[in-house]
Each structure stands twice: as structure tokens, then as C-alpha cells.
Amino acid sequence: MEKGDKVEERFTLKIFRGTEKDQYWEEFDLALTPFLNVTSSLLQVQKNPVNKDGKKVTPVAWEQGCLEEVCGSCTMLVNGRPRQGCTALIGEILKKSGSRVLTLAPMTKFPLVKDLVVDRDSMFESLKKVEAWVDVDDSFDRGTGPKRNPSVEDVRYTLSTCMTCGCCLEACPQINKHTKFMGAAAISQVRLFNADATGKLGAEKRLRSLMEEDGIAKCGNAQNCVAVCPKNIPLTESIALMQKETNKQALKDLFKTPDA
Amino acid sequence: MKPGKEVIVVGGGLAGLSACMKLAENGCTVKLISVTKVKRSHSVCAQGGINAAMNLKNEDDSPLIHAYDTIKGGDFLADQPPVLEMCLAAPGIIRMMERLGCPFSRTPEGNMDFRRFGGTLYHRTAFCGSSTGQQLLYALDEQVRRYEVKGKVEKYEHHEFMRLVLDQGGVARGIVMINLHNLQLEVLKADAVLFGTGGPGLIFKKSTNSTFCTGAANGRLFKQGMKYANGEFIQIHPTAIPAEDKLRLISESSRGEGGRIWVYGDENKTILTSEGKEIPCGRKGEPWYFFEEMYPVFGNLVPRDIAAREILRICEMGLGVDGKDQVYLDVSHLDAAVQNKIASVLDIYEKFTGEDPRKVPMRIYPAVHYSMGGAWVDWPAADDKDRFERFRQMTNIAGCFQAGESEFQYHGANRLGANSLLSCIFAGLVAGNEIPRYLEKLASRGSELPLKVFSSALAEEEASKLELLQRTGPENIHNLHEELSKVMVQHVTVKRNNKDLKKAIEKILEIKERVKKISLDDKGALVNQTFQFASQFGPMLELAHAIAKGALLRDEFRGAHYKPEFPSRNDRQWLKTTIAAYEGSGPVITYLPVDTRHLAPIPRDYTSVKKVKPTLENIPKNIELPV
Chain A
0 MEKGDKVEER FTLKIFRGTE KDQYWEEFDL ALTPFLNVTS SLLQVQKNPV
50 NKDGKKVTPV AWEQGCLEEV CGSCTMLVNG RPRQGCTALI GEILKKSGSR
100 VLTLAPMTKF PLVKDLVVDR DSMFESLKKV EAWVDVDDSF DRGTGPKRNP
150 SVEDVRYTLS TCMTCGCCLE ACPQINKHTK FMGAAAISQV RLFNADATGK
200 LGAEKRLRSL MEEDGIAKCG NAQNCVAVCP KNIPLTESIA LMQKETNKQA
250 LKDLFKTPDA
Chain B
0 MKPGKEVIVV GGGLAGLSAC MKLAENGCTV KLISVTKVKR SHSVCAQGGI
50 NAAMNLKNED DSPLIHAYDT IKGGDFLADQ PPVLEMCLAA PGIIRMMERL
100 GCPFSRTPEG NMDFRRFGGT LYHRTAFCGS STGQQLLYAL DEQVRRYEVK
150 GKVEKYEHHE FMRLVLDQGG VARGIVMINL HNLQLEVLKA DAVLFGTGGP
200 GLIFKKSTNS TFCTGAANGR LFKQGMKYAN GEFIQIHPTA IPAEDKLRLI
250 SESSRGEGGR IWVYGDENKT ILTSEGKEIP CGRKGEPWYF FEEMYPVFGN
300 LVPRDIAARE ILRICEMGLG VDGKDQVYLD VSHLDAAVQN KIASVLDIYE
350 KFTGEDPRKV PMRIYPAVHY SMGGAWVDWP AADDKDRFER FRQMTNIAGC
400 FQAGESEFQY HGANRLGANS LLSCIFAGLV AGNEIPRYLE KLASRGSELP
450 LKVFSSALAE EEASKLELLQ RTGPENIHNL HEELSKVMVQ HVTVKRNNKD
500 LKKAIEKILE IKERVKKISL DDKGALVNQT FQFASQFGPM LELAHAIAKG
550 ALLRDEFRGA HYKPEFPSRN DRQWLKTTIA AYEGSGPVIT YLPVDTRHLA
600 PIPRDYTSVK KVKPTLENIP KNIELPV
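Which chain is which? The protein sequence lines are A and B, in order.
Reminder that position 230 of the first sequence reads as 229 in numbering that gives the first Met the number 0, one-by-one numbering, no gaps.
Reminder that position 132 of the second sequence reads as 131 in numbering that gives the first Met the number 0, one-by-one numbering, no gaps.
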């Protein structure tokens, strides 16, 4: 090698792949280019699906979309941590871990479809359950709405950036084979809609949905959800607030006082 | 027996979801098909805002000025009646979205806030931080979920449209779709089908688009006889982050909030302004804010086609930052409060480059962003005699409607920033009203058709699926994609010339042959993404061919279509809509006149012109807005 030639940096992408009953690790040897992210490394595997042993294998399946962390598609476990693959810059992660191996795995709290693809339907079902919408009469222009407190709207905006990616559920110890828990995302959506000028008319119903079996009482206050949320949504604050509100609602329901 | 009200909506972005909501409200039952969870659709990527002339900043703005700006921004290629109605409906659409809970950013008093965008001198853009598309989409997604619970909407997510089912009269009666998790094909019957399947950015591989935006649905429809209009008009966004996998957008709102574009100057170089003046390129060692010097009135907020061309020109002169194809977009001088209004955009920059744009200027370069062209759709104007004999948003195939980026209607030769979210919602709502009217007039139900109509469509699709899975040869589908995108980016983006466009078409024809010799690395049925892409690639090639051929034939300079050999707009010969139809093995191009009934074409001046009070002519008195 000539002096001054750069040695091509390489790393091992180790993927936990397969289907429910047949999951296995497979390693790929790839070039580490500047700012290489996980989704791009998967594209390389797709283009040339040859594993570290030189064996041709089927391409790895994963979900992706916007590639800029706003759609939630490419959520997976990167070195064990739930996050979006598109913003996972491999060089940076390897530098921190001091290893030449990066692992990818599918999230474990959702049914596995194949390789890194899981079925996140349950999250969308929870959105139905808590009625995460404003119950409008129709979709017409009914004139200028009420003025809105900018600081309340700022909070609503932050809550509303939840992309239903699943990180918070994946990190939650309360979601496991033995317990049913809807998780932080849906609870935080109740806070969002109960703070809306019109949405608050449906607040009681939403709070009651949180009092059901898979609801807010199942939270064990591990606070993992807020630590992994890619959008920095104050999930534990949402849960604490909704705990307070559900307690009030329970009392109200006990004495049957209709909401003023 | 009266026809039913069964409608299929393909695509769950802003256009598809607003149509879905309106259709459900109008008593239809809707089957919603999407390649992903609709909440993840590409609309989430729209950052800066949505235009509506609500005049909340006391600037004497009005929907008519909005229409004027949009028509002029589109270099007079857009048919004007739909543009006029869209701009009239815009304030109502914003108030409707507010009702649905969309968290628009507010002024301290609690009113809706507005920012400036390109191609206008007014604060006309409502926004939710800098993820407006995401917030609008979520608000509609929530309403559609509400209708889902009510049993009015049934979702088929992770399914892809493969083929339109046409009856003997050529009327759309359903679709064949594929389940992307197991490759099962299935027929869905309906009385009308609406497509809101977005743009074709993936034809260029690297663009600002999501990876869903292949254009394959339109390519498939094109091959089945749907006409494709103005395909050659592809918007290049001036400011994106250069990268290997995707060109991530840095919103125009960063300039709307005061961001400035510059490079280091060089007084030994001169540049010709659009007014014909030769000016020095700033001074060595000092920032040269070239837009502000060359376009004193609009400055950094000239329309996107102009901005992209100028950035390219500056870089071609060797003035790019570090001699590379990049210029600075600087927001570091702005107050923290202003920077916060575009926080999510700045966060994206930091996450992908490791540099903090609050402190150092961003390095940006133009990128493929949006297709003004798309499916041709009809628009009888409010006072046309045959207004109620024709159907708005309907393609040339009866019963097949289109809304959103996948159709051609609202933006002419160049789209103004923050008009896309508006056109998506508006067209979706219009379609949501026109389709029920179409159903009323339909003589028979889809379900009354002979079974053979459906079974033969399914059989054809089964056969082509098998053929693709069994194809063998030396070619790799991803390499072919790379080759296609290379010629498309090189020859069919900012600057075009006929010699290279011919080369691009030759290459497309070559790839059309080579794609017959691919073999897939995955032949299984379970989440086979290689099959999925290979099946999309054929239709993408057909659209690429139509785009390149339209560009080759159009010998003028209009909006995003810049051909230095023909350096000016030529209304006498080219004030017409390109119509591509698929015949035999490729596109055949014809033209339709442009409807300019409200505003006769004027020069498109952004250098000296100030605010104007335009007069739009022949405005119908009987316009009924869909909000």
C-alpha cells in the first residue's frame, strides 16, 4: 500500500433476523463511510445480500419512509436501544461503544412479521380506544375559532409530534407477556385532546378509557419511556397529569356529579 | 336498483385522508389502501406551512392576490379556475383544520400566526412550528380513525395498488391490490376509485421525498390508459442537505423567518442579473448575499425554480463553499426565539451533519422535491354550461379520480412554497364532493358486473407477479435504479438541453430492455421488498420516459423547465399543457390549451416589481367552496 492511502474503515452489521419461531443472528461486513446511517447500511445489504461468510442470503426486511425521523417507520433496536434507524449514525455509535460491531434487532413488544419488521397495530388500536380525536359535527368552516393560549398550544404541539413509533412501549417494563398496558403514547394523546378547546368536551370519556384494565394504573413509573422518546415528548409528565385527572374523574363518577 | 356508495381511496396522505373524511361525511363507505400506516405518509415531511390569505397581519392581502401570485409563480401554465377556487377556499380550510384540533402556532394574543414564504410579499403562511405537514396529516388521520370506528372507513395498510379494474365500457370498477406482507393478490370492488399517491421522487433516487414516493401507482394507471400531464415540470428545491441516502429538506421557512443565503465573494468575477446588469460577485473574504443583491425586492424569497438555478449558477462559477457544490444558508444571526420557530428543521440538520446551525451556517444544495405534473384531471368551472355534466378531479378514465401531488392541476410550471399542503386538502375535499355526485349518475353498481371482469384482472396480475418472480438474468434491480436516477438527475433536472435529453431517453429505453433480465434476490412471499421494488420499477420507467420526452419536446424556458438553448418563455407556441398517453410501448405527447380566463399572461418579474393589486377577470358569481 502506498503511503498516504486511506485504509477503508469497515464494521460488522449484526442483525437479529428471521421469523417468530426461527430468529437468528446474521453478520454483514460493510464499509464505514462518513455519516453512514443504519437505513443506508440496510440498503447496502439489500443491494448486495452477501453475509460475512461470503454466502448469498435473502435481503433483510425493514420498514422505512421519510428518513428524517418524522414518520416513525424505521424504529428498531440499535445496539439494544429502541430508536429510528435513519438518525442512527453508525460512526458515532461505534465511537461511543468502542466496538466494531453494531447490532440491529426488531422491537420485542410487538408481533414479529419478519426480520426487523414488526406489527404495531396495537398502538393504533389504543388511539381508537382513548378516542384520540376531536369529535366535530362536520368538516366545514364554521368561522373564526376562539383565541388560544400560545403556551398551551406550544405544549399541544409538542404532544402532537408523537409519531406512534413505539419506542416508549418497547422500553416500558410494564409491557410484557403477563400484563396488558397501553403504554405512554396513548396516555399522552389523552392529555393532548383534553387540552384542546373543543376536544375537552370529550375529556370524561377519554379519562374513563384510561381507567380500564390496560390503562394508566398499570404504569410502574420506571420513566424509561421519556428517556427513549425521540421527540422529547414529556411522557412522564403526561402520565402524572392524567393520573391526577383520572383520580378526580373516579371521585366524580363515584358521586355521579356531571361535569360542569 | 340505485348504485351504492362504495369508494376506494388509494393513498393516505393529506389528499387521500381529506377525501376519505369528506366521503364518509357524505355517506359513502370507503376502503382506504396504503403501502404504509397512513400516519406515516410523505405529507409528514412538509415543514414550513400552508398558504391562506387571511390577512391577519393587516397587509391588505386577499385570496385574489394569492391566486395572482400562484398563477404568476406557476409561469401561467396552470389552468386558472381551479387555482382561483383553491385560493378562495384556503382561509376556510385553515379554520376547518383548526376545528379539527391542528395546533397552529399562535401570536402572543392567541391569534393564528403567519410567516412569509417564497414568491409572495405577504405573510400568508400558517404553520405548526416547522412540521406543519405532519400536524395537518395527524389531524386528518384522527378524523379518519373516528370514521373507522364508526364503520365508515376500512383500512388496508401495507397493501399496494397494482391494477385498476375496468369494465367493458372502460369505467373504473375496482382495483387489484397486493398484501405487502405475504404477496397475496386481492380484488376490491367499488363504484369509484380515488388516487392520492403522491409524487415520483424515487425516479431520481435521491430527492427530498420519502421512500414511498415511487410514482408507481401513476405509472401503472398510465399504462392502463390514464393521461399524464406536464410531467416535465419537476420542482428542484433550492435548499436541502447534501447526503448519500436522501436529500433532507431545509424548509423555505428558514428564509421566511430571516435566513440568508451567501457564499464568499470575489470581486474579480461578475454575474449578469435578470435585468441585464453586470455586477461584481461581492468582495473576497466577505459574505456575498447574492439573492439580496440580484433580487432586491424578493431577496432570499424568490420562487424556488429561480433560487435553485441561481445557486447552481453560483456554484458553476466556482463560488460554492470550499469550491464544492454547496452554498451557505445562515440562520445563526437570528434571535433564539425566532430560531425556535424552525427548531425541528434545525434539529434535522444537526442530527445528520453534527453541526449546530444555531451557531454556524448550514451548507445546502438544490434537490429534486416535487412534481407539478401528474395525472390529468378535469375541472369544469363554476359558470361553465356543462359544470354538472363533468366531474372535477376525474381523470380521463370514468370513475377514476385523483387528488394531491399525483395530479397536475394547481401549480403550473412551478409551485410556490406552502401551496402544496393547500392543494392536497382542497383537491381531496373537492373529490369528496364530486365522487358522490358521480355515483348518483352511475347507471349500475360495480357488484352487478359479471364476475369475469374482476377475475380476469386478478388473473392478469397473478401472471405478471409469477413472471417477475421467475425472471432470470444477470441484471440487478437496484443497479438499474441507480443508472436510471443518474441520467434523470444529470439531464432532466435544473438545466436541460435537447442533446442530453435524447441521451436520457436512449438510456431509459436501454433500461426497459435490461429490466427484462433481472433476477430477484428474494423469491419468497413473506415481506419481499425486492419484489415490491421490482414491480414498481417498470411503471417508474414509463413515467421517467414521459417526463423526459415532455422535456425534450418543449423548446422554451418556463418555470422549472429551463433550457438554455431556448432562453425565454414562448407563449405563442408553448402556452399549452403537455399530455402524455401510453400507446404501444411508450408515451405519445399531445397538447391542450391552458385556461387563462382570469389573468392574461404577463412577464414573470421578481426583480423590481412591488406589491400589486391585481384585477382578475371573469370571476364566476356562483362559486361553491367545499368547506
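What the hints contain is simulated information worked out from the structure, not anything from laboratory work.
Given the structure is predicted, the values throughout are model-derived calculations rather than measurements.
Where is the CB? At the ideal position from N, CA and C, for every residue including glycine.
It is possible that part of the hints are untrue.
To be verified - Restraint ranges, calculated between C-beta atoms of paired labels, are given here: (1) A/Leu31 / B/Pro613: 32 to 40 Å; (2) B/Leu450 / A/Gly17: 38 to 46 Å; (3) A/Val151 / B/Pro295: 35 to 43 Å; (4) B/Lys358 / A/Lys243: 36 to 44 Å; (5) B/Ala336 / A/Phe139: 29 to 37 Å; (6) B/Ile618 / A/Phe139: 19 to 27 Å; (7) B/Glu482 / A/Glu26: 27 to 35 Å; (8) B/Ser518 / A/Glu26: 20 to 28 Å; (9) A/Glu26 / B/Asp321: 57 to 65 Å; (10) B/Gly150 / A/Glu212: 49 to 57 Å; (11) B/Pro295 / A/Gly79: 54 to 62 Å; (12) A/Pro233 / B/Lys501: 35 to 43 Å.
Structure-based check of all given hints:
no. : hint                            : result
1   : A/Leu31 / B/Pro613: 32 to 40 Å  : violated (56 Å)
2   : B/Leu450 / A/Gly17: 38 to 46 Å  : holds (40 Å)
3   : A/Val151 / B/Pro295: 35 to 43 Å : holds (41 Å)
4   : B/Lys358 / A/Lys243: 36 to 44 Å : holds (40 Å)
5   : B/Ala336 / A/Phe139: 29 to 37 Å : holds (35 Å)
6   : B/Ile618 / A/Phe139: 19 to 27 Å : holds (22 Å)
7   : B/Glu482 / A/Glu26: 27 to 35 Å  : holds (30 Å)
8   : B/Ser518 / A/Glu26: 20 to 28 Å  : holds (25 Å)
9   : A/Glu26 / B/Asp321: 57 to 65 Å  : violated (37 Å)
10  : B/Gly150 / A/Glu212: 49 to 57 Å : violated (25 Å)
11  : B/Pro295 / A/Gly79: 54 to 62 Å  : holds (56 Å)
12  : A/Pro233 / B/Lys501: 35 to 43 Å : violated (58 Å)
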